[in-house]
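*Asks:* Taken in order, these protein sequences are the chains called A and B.
Heads up, the first sequence is in numbering that gives the first Met the number 0, so the first residue is 0 and it goes up one at a time.
Heads up, the second sequence is in numbering that gives the first Met the number 0, so the first residue is 0 and it goes up one at a time.
Check before you lean on any hint, since a few could be wrong.
[What the hints assert, rightly or not] Below, a list of computed lysine-lysine pairs in the BS3-like style, where the Cα atoms sit at most 30 Å apart:
1. A:K64 with B:K13
2. B:K203 with B:K38
3. B:K414 with A:K183
4. A:K390 with B:K38
5. B:K38 with A:K409
6. A:K496 with B:K8
7. B:K38 with A:K461
8. B:K414 with A:K483
9. A:K160 with A:K195
10. B:K414 with A:K496
11. B:K414 with A:K310
These are computed hints drawn from the structure, not numbers from a lab.
Computed from a prediction, not measured in an experiment: that's the story for all the values here.
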Amino acid sequence: MPILKNGISKFLLLFLFTILTFPAFAQSSGDGSSYLQMGMIAVVAILILGAVLQIADSLLRVEAKNLGLDRDNTNFSLFPSASEIFKPKTPDFIDQAQRVVNLDSGFDINLAGEAEKEMRLVNPTTFAVKPADFVGMSPIPKVLVEPGHEVKAGDILFFDKKRPDVKYVAPVSGEVIAVNRGEKRAIAEVVILADKKQMSYRSYTAPDLNTTAREDLVAFLLESGVWPMIRQRPYEVVADPLDIPKNIFISTFDSAPLAPDLNYVMMGKEVAFQKGLDVLGKLTMGTVHLGLDARGTQPAPAFTQATGVEKTYYHGPHPSGNVGIQIHHTSPISANERVWVLGVQEVVTIGKLFTEGRYDAERVIAVTGAELTTPTYINTFIGANIDSLIKDNLNNDHVRIVSGDVLSGKAVEASGHLGFYDDQVTVLEEGDEYEMFGWLLPLAPRPTISNTYPNALFPSYKFTANTNTHGEERAFVVTGQYEKVLPMDIYPQQLMKAILVNDYERMEGLGIYELSEEDVALCEFVCTSKQPVQQILRRGLDMMREQG
Amino acid sequence: MGLLDFVKKVEPDKKTKPFLHTLYDGFFTFLYTPDHVTKNGVHIRDGMDLKRTMVMVVIAMQLCYVFGSYNIGHQHFVALGQHMGFIEGFHLKLAYGLMQIIPIFIVTHVVGLGIEFYYAYKKGHGIEEGFLVSGALIPLIMPPDISLWILALAVAFAVWIGKEAFGGTGMNILNVALLARVFIFFAYPTTISGDEVWVAGLAKDADGIWTASYNWFHTGLFNGLFESFGWDTFQPGRAMADGYTAATPLSLAFQGGWENVTSVYSPGQMWWGAIPGSIGESCKPFIIIGAIMLLVTGIGSWRIMLSVVLGAAFTGWLMNMWGATPFMEVPWHYHFYMGSLLFALVFMATDPVTATSTNTGKFIYGFMIGVVGLIVRVLNPAYPEGWMLAILFMNVFAPLIDHYVFEANVSRRAKRTAVVKRVAVEESAEAVSGGH
């Protein structure tokens, strides 16, 4: 056994050391003993005791693993682990039997402009589906509609010629008014002018979950157009229908800055959510895992009372709500495994396909940011036009509009549309101004993780962030920064360096498969050298994906 | 916006005068944070950048500068037997100390920044602020009487070969400030070792007696100023005091052990820093205040500092146990009072570029610096100080330590997936056998 071999070499070293103390004994002051020799013998004795305890401990743990008792990470060793002693108090609503994961790394960015929990009535006129939202989509997919076509909600708009069975459908009914092209004739977006009065839906006959085979279920999901809502890890591309995933993970809370409160979003959608979970349960060979919020407020009953899933509570700062972190702490993936991830509202859409027989692309969007006069929630559909969401709500003209959160969202124009997977719009001030001695004596408060600012003294202060880089790009200098905000057993800076030098083996060994851009977005935020970490990671992921 | 408009108007053209543009860009970004906005990634960035990080380290060192400059003067006059109290002759000591350190500071920065500016112009990027910290550290580790041309050569070597040849800021393997000192140590050893170099301003006159030597700035400018106030003045030609030894505590310990040290200096004197030595290393409380500043702001790694302390203490204790020479019997806690141990562990060992980058590696790195440095200090027959050599030695090993930490991470990950595969294979085997 390797443990014993390790122990034997340790004993040999100690034996050698003890032998070496005899000359020291000869040199001693001659009163019969040498402190050094006594010291060495004491050290040897302690180390022997420590080695015996260590072997016993390892044997215990190995036996526990062999018997299969180690399912939920209980501590079978002789010694209490430090995390058990210093665990933060779990909130009262969590049962003792529930699994709670405490994450100690991370950072919550407190921004001003959180959405108030009320629905604002807004009717966007246009909706769009953008091929660029889907990672790995070929730039020119086959578009089946033309400007002037009437479509129903759920009608097929386009598909990727490399994967013709995955269909991308219209979120609303109406008339296709434009198929806009971007650089090199790539399709930028397919824009639909929504029906003002009644939505018309494409009709489906949903198969019975208990009797349908998995392949037929998959075929139905592909044809109905909900398949693009299922993404896979690694690479975050739309899931491959031929795969059988090891597990399916859903994170039921979003810890990103100004993210919508998914408990509020899920009000009234419990039945559809549970149906969606049942559908997903049929698709995987493992289980559907739900990640619940243990940071304070009790999660919605839709999450706590979900059946047929494994629930885990996560406690800690951002990125505890990221599904990649939750996968790492529950069932980490390797290069050849596939895990599927979905957002909460996407599960509801899948559920409604089965409960109501139609493609319901309804989304509750949080419109947030300090540059809005009243940040609120809005009930609309996938791909809504941005201008209608933030119209008459801006108190500043020089802004940047982000579809998604400030860390991993994409900048959009006011004439653009919401991203397919996004449920948030953030409006930030564009910070393209010079600041005198800004690096030494900053005049405006800004969010930071550093203790060189007095931010640490005011932990609940909400910052108005702007888009200034606050410094120029440099080589990697400071170390240990990324590890402080990434609660995974990964060395992110070394991984970035491996990607920059195109070292495929190193990238894979260091765990690039476990990461997605949203997981390292916080690393990019805190980076002193202003490196484009998310871009580097995306480059690395594309390299690994192309390699196969 | 008046200043900003003026500064923008005098901007030299990038194509026709590239060197001037690089210079201009360096000073402009010093004055103003640029107006760049985020693209293709996070939309907001932390307020912290490299300039601010470097400046915090420089600020942490300033107390050492203040004390060090004054101490140069104090040691000079104590050697002459004048103004023995610390505060006596304040104006003289301050003037003398500043006159010594300001040329050293200026030469360091002109040579170092000149080379950095040249390379920034050559490579076409902006001036990078890595030299702010090295340039602030180099004067503090030099003997007060160092010849300026030797200093210039050393700084040129350190910046040119030690840093720019490897790619600039963030790419060097060896600590730049220590490289400057080690260059002088190996190329001009008599100027940086021995008993006579640590007190400034003493020279052998025609009869071979050590006397005070001043230049025009002291005798002409300052004496004139002080006389007009009616204060004491510099007295050129005054002989060194009888029975004075300019030896540092370390060389005394090397010659005769702790009793020898305490016969000349008291532990309190060594703690508060009124002893000869390199310019910045003597006042321990100010170094500790600097360490606290770096730790609170999170810029200095506590792991490295703690493990160097533990390594040095452990080795010192082992030496005490062994006790073969008088130097070995210096109590292990007094090793922190002597020499540059505290200064090296706070400012030199914690340099993030040259230290290990993993947290586990930092413990190993710091501990080994403590062990190796103390071994060199106590067992070295030629030179009773080891921190410069120990830190440079461990700088070379830092990538190796990191490599093994990364390999452990890689194999841990491989084992995780192997266990998962094994469990999955067992489960599917169970399912197949159990289903029938």
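*Asks:* Look at each hint and say if it fits the structure.
*Replies:* These are the hints, each one checked on the structure:
no.	hint	verdict
1	A:K64 with B:K13	violated, 66 Å
2	B:K203 with B:K38	violated, 65 Å
3	B:K414 with A:K183	violated, 46 Å
4	A:K390 with B:K38	holds, 25 Å
5	B:K38 with A:K409	holds, 10 Å
6	A:K496 with B:K8	violated, 40 Å
7	B:K38 with A:K461	holds, 24 Å
8	B:K414 with A:K483	holds, 24 Å
9	A:K160 with A:K195	violated, 33 Å
10	B:K414 with A:K496	holds, 23 Å
11	B:K414 with A:K310	holds, 26 Å
Checked against the numbered hints given earlier, this structure breaks hints 1, 2, 3, 6 and 9; the rest are met.
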